[in-house]
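Asker: Each chain, written out:
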Amino acid sequence: MDLLKVNWGRRKHSLFYYLFLASKQLFPLDLYLFSPNPFRFDQPSSSSRLFDFGRMSQAGVDVPAKGGFSFDLCKRNDMLIQKGLKAPSFLKTGTTIVGLIFKDGVILGADTRATEGPIVADKNCEKIHYMAPNIYCCGAGTAADTEAVTDMVSSQLRLHRYQTGRDSRVITALTLLKKHLFSYQGHVSAALVLGGVDITGPHLHTIYPHGSTDTLPFATMGSGSLAAMSVFEAKYKEGLTRDEGIKLVAEAICSGIFNDLGSGSNVDICVITKGHKEYLRNYMEPNPRTYVSSKGYSFTKKTEVLRTKITPLMERVEITEVGEAMEE
Amino acid sequence: MGDSQYSFSLTTFSPSGKLVQIEHALTAVGSGQTSLGIKASNGVVIATEKKLPSILVDEESVVTNVNQMSLLQVQKIQHLTPNIGVVYSGMGPDFRVLVRKSRKQAEQYNRLYKEPIPVTQLVRETATVMQEFTQSGGVRPFGVSLLVAGYDDKGPQLYQVDPSGSYFSWKASAMGKNVSNAKTFLEKRYTEDMELDDAIHTAILTLKEGFEGEISSKNIEIGKIGADKIFRVLTPAEIDDYLAEVE
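Chains as they are written, first to last, in this note's numbering: chain A, 19 to 346; chain B, 1077 to 1323.
Next comes chain A alone, as it looks inside the complex:
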């Protein structure tokens, strides 16, 4: 929950801002918003000591960076919320993501709306992330978390492929993801649907933010998961063909788009089969946006022109050189 952490890496800024605030005599709560970056112990200064409550003994001491998540700022954030500060909301994906296994492989589907509270932040975002040439992952939850986690694991998988000389397996991606999420104890808010086809066949898994996983023939996640699951439960059967599978996935996502506020806009689909993948971006656009009225606009009442005055915004200036040219 590092919502309120602001990075003031430069000493000069801190000092200046303190003087500015002191002169304005603002409510002291604002001062707390600008605490120094807890990971940079190499910057003790007179100004930072003023902000540094509870960690003064460490100012001036070189503490080596430790691994893992530092929960110091979480305590501070809790204290601030108790004092009445409203935490800013972060970009959630309130989403419908689905996956199903069909005859030849895996089909993943997702909607494309990213919300920030009640506002649509991105009308056409990409929720199906690349993990490996044969593995893709849909992400629900906090957009930054899903992006960062899938990016990081995709990078690790690539290095692993170079080392072993083999294609990545879905179970490898699954284990890397769940280890990471578990070690962050659910604070990395990423709920994922991971699907792919490897040497052992097609696989589909769901991963929850706390690190638990399921292996399923069809799966849904996100705020629209119940709407989508109702479609799957009614119509899924084993051995679907490619077209039937795509149709079913599109139907499930549409069900989420129309019945869930957090999901909307278009349908993205990704079909993965042995040795081949197809990323169908914006496969369906059931919510087209019309920007301009096709009929054009006509104003019935004519307004009278009383006076016309034109002010040029740019002036043309003539330059005449007088005197001698400058000597070098």
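The set of hints was computed from the structure by calculation and includes no laboratory data. Each residue gets a CB set at the ideal place from its N, CA and C atoms; glycine is no exception. Among the hints, a few may not be true.
[Unchecked claim] Negatives, chain A to chain B, calculated, CB over 10 Å:
#	residue
1	Gly85
2	Cys92
3	Lys101
4	Cys143
5	Ser173
6	Arg176
7	Gln181
8	Thr233
9	Glu256
10	Thr259
11	Glu336
[Said to hold, decoys possible] Cut-off 27 Å, straight-line C-alpha distance, at most; resulting in silico cross-link-like pairs (DSS-like, lysine-lysine):
#	chain 1	residue 1	chain 2	residue 2
12	A	Lys295	B	Lys1190
13	A	Lys255	A	Lys295
14	A	Lys141	B	Lys1190
15	A	Lys141	A	Lys313
Mind docking chain B on chain A? Use the hints.
Answerer: Just chain B now, with coordinates in the frame of chain A:
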């Protein structure tokens, strides 16, 4: 880490101003199997001898994956990124370690800047690693020289990295046992506007120059990268084709 007697750097300056360990490392390189690289107008080719110590060595090819990186049990030419390949002369195990480090650095660069690492950057970072091992306590320099071949926005590039950590950009270069003969041959044969296929033929001829025994697709390795920016190690069948053309 060990006795205080041994925790100094093994590369301390000699009175004549040389770093003796690095000189010895270069000697180790010089006794390794010959490898060479040629930069053509539209690509780069690197090649090496691959003389196995005995016919009993099992060099079966392991699975070939989507990126066309088949991992032979003994493969001297390696990928660092999809568009950068590397070959060495010297000690195989040292090469393995460097390749692993370089791949990781290339991947970290990619993650940070979302851009495939330029060849010069990767060479520089690898060279930095090699230099660190000449200035730290209790370690020895790497006993390999690398030939890095890549194709990025700046076009085809060929770099040599030495155990000291210095790197050079070459139009054509050779390293290892047969270096002087090979370099003389390359100086005579190299032309600025060579095409990639010509370069491969020239590389094969250069290897043939100092080759002990019969040259065949089983005892040389060739890697190339063209304008498609994908580094590939040639299969034995392809090498046979080129050998036939050269005859």
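Asker: So, for every hint listed, does it hold in this structure?
Answerer: Results of checking the hints against the structure:
{"no.": "1", "hint": "Gly85", "verdict": "holds, 17 Å"}
{"no.": "2", "hint": "Cys92", "verdict": "holds, 26 Å"}
{"no.": "3", "hint": "Lys101", "verdict": "holds, 37 Å"}
{"no.": "4", "hint": "Cys143", "verdict": "holds, 17 Å"}
{"no.": "5", "hint": "Ser173", "verdict": "violated, 5 Å"}
{"no.": "6", "hint": "Arg176", "verdict": "violated, 6 Å"}
{"no.": "7", "hint": "Gln181", "verdict": "violated, 7 Å"}
{"no.": "8", "hint": "Thr233", "verdict": "holds, 24 Å"}
{"no.": "9", "hint": "Glu256", "verdict": "holds, 28 Å"}
{"no.": "10", "hint": "Thr259", "verdict": "holds, 25 Å"}
{"no.": "11", "hint": "Glu336", "verdict": "holds, 46 Å"}
{"no.": "12", "hint": "A:Lys295 with B:Lys1190", "verdict": "holds, 22 Å"}
{"no.": "13", "hint": "A:Lys255 with A:Lys295", "verdict": "holds, 22 Å"}
{"no.": "14", "hint": "A:Lys141 with B:Lys1190", "verdict": "holds, 24 Å"}
{"no.": "15", "hint": "A:Lys141 with A:Lys313", "verdict": "holds, 25 Å"}
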